[in-house]
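With chain A's structure known, arrange chain B on it following the hints.
Going down the list, the protein sequences come from chains A and B.
Here my numbering is used: the first residue of the first sequence is 1, the next is one more, and so on.
Here my numbering is used: the first residue of the second sequence is 1, the next is one more, and so on.
By construction, these hints were calculated from the structure, which means they are not laboratory data.
Accuracy of the hints is not assured; some may be wrong.
Copies of the same chain are indistinguishable here, so a pair counts whether it falls within one copy or spans any two.
Dumping the calculated SDA-like pairs for lysine to any residue here, alpha-carbon to alpha-carbon at most 25 Å [stated by the list, open to error]:
hint	residue 1	residue 2
1	Lys202	Tyr130
2	Lys145	Glu123
3	Lys379	Ala342
4	Lys56	Glu123
5	Lys145	Val97
6	Lys202	Gln70
7	Lys416	Gln512
8	Lys98	Lys295
9	Lys467	Asn414
10	Lys147	Val112
11	Lys202	Leu154
12	Lys295	Lys467
13	Lys416	Asp274
14	Lys471	Lys489
15	Lys98	Tyr130
16	Lys136	Ala342
17	Lys136	Leu146
18	Lys138	Val112
19	Lys295	Asp159
20	Lys147	Asp159
21	Lys136	Gln44
Computed from a prediction, not measured in an experiment: that's the story for all the values here.
2 protein chains.
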Amino acid sequence: MDFFADLNNKDSGDPSCHEPLLTHSKPWKILLVDDDEQVHQITQIALSDFEFEGRKLELISALSGQEAKQVFAEHDDIALALIDVVMESEHAGLSLVKYIRDELGNGLIRLVLRTGQAGQAPEDVVIREYNIDDYKEKTELTTQKLKTLLYSMLRSYRDLCLIEEQKQGLSRVIQASALVQNTTTLQAYATSVLDQLTSLLKLERSAFYCLVHPRPNGEASRALTLAATGNYYDCYSECAFERLPEPVSTRCSEVLEKRESTSYPDAYLLYANDEQGVDRLLYVNVNRELSELDKQLLEIYMQNIGLTFENLTLMNDIRETSKELVYNLANAVEARSKETGAHVQRVSLICEKLAELSGLSDNDVNMIKHASPLHDVGKVAIPDSILHKPGKLDREEWSEMQKHVEYGVNILSNSKRRLFAVAREIAGTHHEKWDGSGYPNGLKGEEIPISGRIAALADVFDALGAKRSYKEPWTNEAIREEIEAQRGKHFDPELVDLMLANWQSFVDIRSQLPD
Amino acid sequence: MDFFADLNNKDSGDPSCHEPLLTHSKPWKILLVDDDEQVHQITQIALSDFEFEGRKLELISALSGQEAKQVFAEHDDIALALIDVVMESEHAGLSLVKYIRDELGNGLIRLVLRTGQAGQAPEDVVIREYNIDDYKEKTELTTQKLKTLLYSMLRSYRDLCLIEEQKQGLSRVIQASALVQNTTTLQAYATSVLDQLTSLLKLERSAFYCLVHPRPNGEASRALTLAATGNYYDCYSECAFERLPEPVSTRCSEVLEKRESTSYPDAYLLYANDEQGVDRLLYVNVNRELSELDKQLLEIYMQNIGLTFENLTLMNDIRETSKELVYNLANAVEARSKETGAHVQRVSLICEKLAELSGLSDNDVNMIKHASPLHDVGKVAIPDSILHKPGKLDREEWSEMQKHVEYGVNILSNSKRRLFAVAREIAGTHHEKWDGSGYPNGLKGEEIPISGRIAALADVFDALGAKRSYKEPWTNEAIREEIEAQRGKHFDPELVDLMLANWQSFVDIRSQLPD
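Pulled out of the complex, with its shape left as it was, chain A reads as follows:
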């Protein structure tokens, strides 16, 4: 995990919306279980023109409890079963009910018992002991009564499906919310919640939410889509309004102009404006008039997802600013001059690359990346006369110069945080050498922590390529030769091998960040 910025390396979650349990074009499946073929014919005729919520019926027939069980093997989306009690056995209907509820574990399907002989399965016992939803004597079920029954059962089935959908939806919302750390993961979260919300409000499942940032120079507005479901799912990658279908695109432009929420016969377009002048648009396809409460819920969604986005943006700004501050200060300290270069920033990236190639964990890589700019911070306490001396240092001066290691460790010592610990380690060991000839402690080989070995190589690699008051930058070829020559002497041989094997990517870091 990037210490400063990138909590975004995790799975970004799938922003797609799932298939709702109730797809609006399909007919409602009704299973009729009865050993009397005539009952099937009569029922078929009685319900031939029945519709509920614009969807017709698909009648499935089974002539025995056994046959019904096979039907369930092929259909898992039956809304209602009308079940005769006495068929191949005296309680075939009742055992089918038990099978459906207990063995199949299907609690969604509505079950209605129909009995010819009431005595066989007394209503009061059956309704209490079996998980059925209604109990009818066959003689009761006139065409009209049958239709009334279907209205009631299908409404109830629809509501239960919605509850089931909410469970799945909530699970997605919970999962997505844990990952909200950047724009991409916020989009996944916002889309999950929007899907959940439109399902709960029984709206059409097509909606999108976007932010339109002000463009002072009269450029065409571009929108950032935070969430998109159903038909608008494609709007994700392309956020220009002109890619939206008509009349959606025109409506959005008009509402942005008028700056107020607007209802259309088939859609509701919610408008708001935040403190920074960013316009927020929530477009929802509707199949009915929205109540005030529905509108409020959509507004709460719009405001709060917008707020989350603002917070994330602010957090990102804080992290980036902190990073820049550390680079700038570390550079100022290292160069002890009014000009700041990109040396410590390059060292940081070179260390990151070496740490990655060494197979360290993400966390260690990032610690080393962000701690390494501080390796020479102790130079702040070295006098100008030594630090800026044009000629060679005498023995005493050299010994004072070496103290920057100790001073750095001191400066970095008043914190318990992990990054400081790594920074102290690097500051304290980046002048040790693999062959034991370094300072301050003459550590050898793997006695030197990996962070110090990495920083030593990175620091020299970048310093050789840079112009200093006392030298011109070396050519890449000369640097390469020097590093090869110091393999196993100054530097960890494995790190040298990794650098040489990936030479170009290190050279690229320097060309991308010149002083």
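Same frame as chain A, now just chain B:
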């Protein structure tokens, strides 16, 4: 908003769980509307022992449509109304239905029409055109049929209430999620979601989720409660297990020992352990056996809220580390020594206090707070011979010394971020004086930006009280006199007045952060 740390100044949200629509102890309210007193008596007798989900019925009687409307003025939680068609007028029942659905906007209550004369309100027309849930002829409604009807209607009512609750719950979840920035707001979010989840799973509404951090030294474990609803709501403030009721406390200890999820007759206790060795416990009161899917959903909750907590902890660590880094580096630069004091940290807090007292916006206050440590960063480029000269500087040296202002602006110039802009402003103007006698530009009065005027006063206030190589710390009394004397000369008179009026709080900052 605190630039580095405190996104937590917003409303922290209310972590309490709301009153569920269905409270389990209350009876179901059934309204009977009929102008025949005998019908009321018979119904009362027929339903006297009726129970659904362990709750009895409360029968409310109305003898006319008009009376029924009054009942609705007093009760907003009626589950079912059985309504006669013909009462004071031929369609009194039908107009009552219209009143309930359209004028009251009550879509939850189940409505069943009961008619004596079927011809008055033909079933097929009524069921299609009025939003009713069933239609019965009075002769149909035997005691048994009445009970069957009630089962079916109450189940449907219960499901609709759940859907309604989910709407309210989702609204709370959305609102809480936007504020998740620290442990307190995460608790509000985790509690909202837990409440939503237990409602959806039709569990008892009492549950809690806590983290138990490892205590290597054998101290008693202490838990951090992330969410608590229902009976456990009180566990919020107190997280020690011993405060939990029995047998909950014992069960938690046992599960922590065994390290595995366990089912009890009345509860389910979910266990997990994260990478850092933190134990996670989710305790849920249950009133039925949980399905595998239910358990999965609870697990998803536990894992993801735990992950969110880890991310927040990491984020907080990043912000705090960044803050410490900037303080340490700025101090190293300012003191140009191997020792770092708390000067820049104190200046930062003094600036914050002055900015607050001046009535600046939260955002400006925080910008000044976090930018002010960098006011003297340009000193890094001033030679030792001048910076550390024990005696008075000569004219030339003084002129070089003054250049630290310009150097500081240079060092802070390579970023577009707002914090850098404020830091440049402060670095560039903190040696200007109110009477125009300062440097580098001799700005006067309000020509000097407020940030620079604040930093000037804060810097001098702290420097006078500190020990330097060339001076002992001044007494508070002497500092106070000097600052009063410089009112309108060196310093902005209004800022001086604010400091003097709040003198003790400034003195306190120094005593809280000694070098």
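Lys136 and Ala342: within-copy, between-copy, both or neither at 25 Å Cα: neither (84 Å within a copy, 85 Å between copies)
What label fits Lys56 with Glu123 when the C-alpha limit is 25 Å: within, between, both, or neither? between (30 Å within a copy, 20 Å between copies)
Intra- versus inter-subunit Cα pairing at 25 Å for Lys467 with Asn414: Answer is between: at 20 Å across copies they meet the 25 Å cutoff, but 34 Å inside does not.
Could you place Lys98 and Lys295 in one of the four classes (within, between, both, neither) given a Cα distance threshold of 25 Å? Between copies only: 23 Å across, 43 Å inside.
Within, between, both or neither: Lys145, Glu123 at alpha-carbon 25 Å: Both: 18 Å inside a chain and 9 Å across chains, each within 25 Å.
Treating 25 Å as the Cα threshold, decide for Lys98 and Tyr130: within, between, both or neither. within (7 Å within a copy, 35 Å between copies)
Given a CA cutoff of 25 Å, do Lys295 and Asp159 count as a within-copy pair, a between-copy pair, both, or neither? Intra 21 Å, inter 22 Å, cutoff 25 Å: intra and inter.
If the cut is 25 Å between Cα atoms, do Lys136 and Gln44 qualify within a copy, between copies, both or neither? both (18 Å within a copy, 23 Å between copies)
At 25 Å max between alpha carbons, let me know whether Lys138 reaches Val112 within a copy, between copies, both or neither. both (11 Å within a copy, 21 Å between copies)
For the identical chains here, do Lys202 and Tyr130 meet the 25 Å Cα criterion within one copy, between copies, both, or neither? Close across copies (20 Å), not inside one copy (31 Å); limit 25 Å.
Regarding Lys416 and Gln512, is the shortest C-alpha distance of 25 Å or less found within a copy, between copies, in both, or in neither? Between copies only: 19 Å across chains, 34 Å inside a chain, cut-off 25 Å.
Checking Lys416 and Asp274: alpha-carbon separation at most 25 Å within a copy, between copies, both or neither? Between. Shortest inter-copy distance 23 Å satisfies the 25 Å Cα cut-off; intra-copy 40 Å does not.
The structure is inconsistent with the numbered hints 6, 12, 16, although it conforms to all the rest.
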